[in-house]
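Count the sequence shown with the working numbering and you get residues 2 to 326, in order.
Hints in this document: simulated from the structure, not taken from any laboratory.
Note that the structure is a prediction, hence the values are computed from the model and not measured.
Be careful, since some hints might not be right.
Said to hold, decoys possible - Once the Cα atoms are required to be at most 25 Å apart in a straight line, the calculated SDA-like pairs of lysine to any residue come out as:
1. Lys141 <-> Met297
2. Lys190 <-> Ala180
3. Lys141 <-> Tyr288
4. Lys141 <-> Ala258
5. Lys141 <-> Lys175
6. Lys190 <-> Asp146
7. Lys175 <-> Glu157
8. Lys191 <-> Pro154
9. Lys191 <-> Val179
10. Lys191 <-> Ala165
11. Lys175 <-> His281
12. Lys191 <-> Pro164
13. Lys190 <-> Glu173
14. Lys190 <-> Glu245
15. Lys191 <-> Glu227
16. Lys141 <-> Phe158
17. Lys175 <-> Ala196
18. Lys191 <-> Thr201
19. Lys191 <-> Asp226
20. Lys141 <-> Arg120
21. Lys141 <-> Asp193
22. Lys191 <-> Tyr288
23. Lys141 <-> Arg109
24. Lys190 <-> Glu88
25. Lys141 <-> Glu125
26. Lys141 <-> Arg76
27. Lys190 <-> Glu172
28. Lys175 <-> Gly216
29. Lys190 <-> Thr201
30. Lys141 <-> Glu69
31. Lys190 <-> His236
32. Lys141 <-> Arg321
33. Lys141 <-> Tyr171
34. Lys141 <-> Pro131
35. Lys191 <-> Tyr171
36. Lys191 <-> Asp139
37. Lys141 <-> Asp103
38. Lys141 <-> Ser184
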Amino acid sequence: MTSEPRVGLFGEPADLQVQAVAAGVEAAGGIPFLVDLSAFPSRGTLHLEIPMDGREPSIRYQGTELLECGAFYVRSLGYFWPVPTREVSAEEWAQWHGRFYDFLTVERERLSTIHSVHRILGEERFVVNPYESYAYHDFKPYQWDLLERAGLPVPEFLASNDPAALERFYEEAKGEVVAKPGSGGEEVKKADPAAWRGQTILARRPILLQRFVPGENYRAYVVGDEVVAALRIHHGPQVDSRVEVLRLECVRLPAPAEEIAVRTARALSMRFSGVDLQRHVEEDRFYVLEANPSPMFVFQEFDGSEVARALGRYLVRGARGEPPA
2 MTSEPRVGLF GEPADLQVQA VAAGVEAAGG IPFLVDLSAF PSRGTLHLEI PMDGREPSIR
62 YQGTELLECG AFYVRSLGYF WPVPTREVSA EEWAQWHGRF YDFLTVERER LSTIHSVHRI
122 LGEERFVVNP YESYAYHDFK PYQWDLLERA GLPVPEFLAS NDPAALERFY EEAKGEVVAK
182 PGSGGEEVKK ADPAAWRGQT ILARRPILLQ RFVPGENYRA YVVGDEVVAA LRIHHGPQVD
242 SRVEVLRLEC VRLPAPAEEI AVRTARALSM RFSGVDLQRH VEEDRFYVLE ANPSPMFVFQ
302 EFDGSEVARA LGRYLVRGAR GEPPA
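Based on the sequences and whatever the hints tell you, model everything.
Shown next, in the form of structure tokens:
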């Protein structure tokens with residue numbers, strides 16, 4: 002690699018996280034190169050070719066060979082979502098329905114290409130984060146199982162469409178239970194037994210329950226094997242801290258909590274992660290709620306500069322082929 006290594010950034014130019022990482026890469030002596038696939042293929046060209054003669058693959062974006070980059074930061078690639086993301090009228094849905102099956106086909110092909118590029122880059126170059134870490138984020142029960150196997154403190158959970166099993170879990174926890182989405186997209190709420198006692202929903206989807214941990218909510222930003230920043234999230238009475246964030250407080254986590262955060266990221270193959278922790282105040286114990294492979298870190302009360310600088314240095318070292326510190 003050159004003395005000024007190139008680092009590819011997958012994401013949208015207006016994304017504050019992408020802008021911050023680009024600045025961090027430049028500050029570390031690297032050259033950021035933006036790869037915006039948000040409107041692919043209607044905007045932008047992406048070319049993937051695997052030669053038959055044993056040469057390395059060719060992956061070109063807008064005519065530029067991506068393998069000239071030594072490292073990549075994957076902020077966003079695009080998601081499969083075949084229906085409108087807002088409420089629509091019956092008339093609007095009738096119009097959408099005519100496009101639905103065509104959309105399924107073209108979206109599958111689009112994501113097949115994009116996600117193949119992500120996986121191949123992970124084999125050829127230093128990528129933050131590897132493909133599998135994003136899958137762990139979408140499969141919460143699997144993520145928690147991996148963490149539990151690694152000896153990390155994860156609240157007990159149950160994913161089931163068996164009403165008897167859900168009732169038993171709820172009763173054993175004395176009702177201190179939350180219902181969570183297994184793949185994101187919904188709010189975390191205190192569990193309502195009516196959801197499974199009526200059983201109507203269980204014929205359509207399983208329910209994911211987890212023991213509720215009262216106390217203080219934190220997010221630790223892990224880069225490599227180091228917690229580079231941490232926030233305490235002060236929020237309203239809702240279980241889900243994202244619903245009503247009152248204040249973000251920069252904190253230094255105690256050493257045991259930092260160790261939990263680093264081990265969590267490592268167990269999930271996340272070179273960069275936002276690890277959500279809950280401190281049970283009475284027990285004075287930290288629990289892992291989840292780990293995000295592409296966390297937001299730029300907010301009005303927290304500019305994320307520490308995170309961006311650390312991540313920029315980490316990516317440039319990876320692009321140079323140096324052991325990430």
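Right, here's what the structure says about each hint:
At roughly 19 Å between alpha-carbon atoms, lysine 141 and methionine 297 fall within 25 Å of each other, so this suggested pair holds. Only pairs whose Cα atoms come within 25 Å are accepted, and lysine 190 paired with alanine 180 is accepted, the gap being roughly 5 Å. Of the supplied pair hints, the one linking lysine 141 and tyrosine 288 holds, its CA atoms being roughly 15 Å apart against a limit of 25 Å. Using a Cα cut-off of 25 Å, the hinted pair lysine 141 and alanine 258 holds, with the two alpha carbons roughly 21 Å apart.
About 23 Å separates the Cα atoms of lysine 141 and lysine 175, which keeps this hinted pair within 25 Å; it holds. A threshold of 25 Å between alpha carbons decides the hint, and for lysine 190 with aspartate 146 the separation of about 21 Å falls inside it, so the pair holds. For the given pair, lysine 175 sits about 13 Å from glutamate 157 by alpha-carbon distance, which is consistent with the 25 Å threshold. Distance restraint check for lysine 191 and proline 154: the Cα-Cα separation of roughly 21 Å lies within the 25 Å cut-off, and the hinted pair is therefore satisfied.
Of the supplied pair hints, the one linking lysine 191 and valine 179 holds, its CA atoms being roughly 4 Å apart against a limit of 25 Å. Only pairs whose Cα atoms come within 25 Å are accepted, and lysine 191 paired with alanine 165 is accepted, the gap being roughly 19 Å. For the hint linking lysine 175 to histidine 281, the alpha-carbon distance of about 17 Å falls within 25 Å, and the restraint holds. At roughly 17 Å between alpha-carbon atoms, lysine 191 and proline 164 fall within 25 Å of each other, so this suggested pair holds.
As the CA atoms of lysine 190 and glutamate 173 are separated by approximately 18 Å, the hinted pair is consistent with the 25 Å bound. For the hint linking lysine 190 to glutamate 245, the alpha-carbon distance of about 13 Å falls within 25 Å, and the restraint holds. The suggested pairing of lysine 191 with glutamate 227 is violated, with an alpha-carbon distance near 33 Å, which exceeds 25 Å. Of the supplied pair hints, the one linking lysine 141 and phenylalanine 158 holds, its CA atoms being roughly 10 Å apart against a limit of 25 Å.
Using a Cα cut-off of 25 Å, the hinted pair lysine 175 and alanine 196 holds, with the two alpha carbons roughly 17 Å apart. For the given pair, lysine 191 sits about 19 Å from threonine 201 by alpha-carbon distance, which is consistent with the 25 Å threshold. For the hint pairing lysine 191 with aspartate 226, the CA-to-CA distance comes to about 34 Å; that exceeds 25 Å, so the pair is violated. A C-alpha spacing of about 21 Å is found between lysine 141 and arginine 120, which places the hinted pair at or below 25 Å, so the restraint holds.
Simply put, lysine 141 and aspartate 193 have alpha-carbon atoms about 20 Å apart, close enough for the 25 Å limit, and the pair holds. Straight-line distance between C-alpha atoms of lysine 191 and tyrosine 288 comes to about 18 Å, which keeps the hinted pair within the 25 Å bound. Restraint check for lysine 141 and arginine 109: the C-alpha separation of about 23 Å stays at or below 25 Å, so the hint holds. For the hint pairing lysine 190 with glutamate 88, the CA-to-CA distance comes to about 21 Å; that is within 25 Å, so the pair holds.
The straight-line distance between the Cα atoms of lysine 141 and glutamate 125 is roughly 28 Å, outside the 25 Å bound, and the hint therefore fails. Proposed proximity of lysine 141 and arginine 76 is supported: the alpha carbons are some 20 Å apart, at most 25 Å. Restraint check: the Cα-Cα separation between lysine 190 and glutamate 172 comes to about 17 Å, which is no more than 25 Å; the hinted pair holds. Of the supplied pair hints, the one linking lysine 175 and glycine 216 holds, its CA atoms being roughly 17 Å apart against a limit of 25 Å.
The hinted pair formed by lysine 190 and threonine 201 meets the criterion: a straight-line CA distance of about 19 Å does not exceed 25 Å. The suggested pairing of lysine 141 with glutamate 69 is violated, with an alpha-carbon distance near 35 Å, which exceeds 25 Å. Restraint check: the Cα-Cα separation between lysine 190 and histidine 236 comes to about 14 Å, which is no more than 25 Å; the hinted pair holds. Using a Cα cut-off of 25 Å, the hinted pair lysine 141 and arginine 321 is violated, with the two alpha carbons roughly 34 Å apart.
This hinted pair checks out: lysine 141 and tyrosine 171 have alpha carbons roughly 19 Å apart, not beyond 25 Å. The straight-line distance between the Cα atoms of lysine 141 and proline 131 is roughly 17 Å, inside the 25 Å bound, and the hint therefore holds. As the CA atoms of lysine 191 and tyrosine 171 are separated by approximately 11 Å, the hinted pair is consistent with the 25 Å bound. Restraint check: the Cα-Cα separation between lysine 191 and aspartate 139 comes to about 21 Å, which is no more than 25 Å; the hinted pair holds.
Simply put, lysine 141 and aspartate 103 have alpha-carbon atoms about 30 Å apart, too far for the 25 Å limit, and the pair is violated. The straight-line distance between the Cα atoms of lysine 141 and serine 184 is roughly 6 Å, inside the 25 Å bound, and the hint therefore holds.
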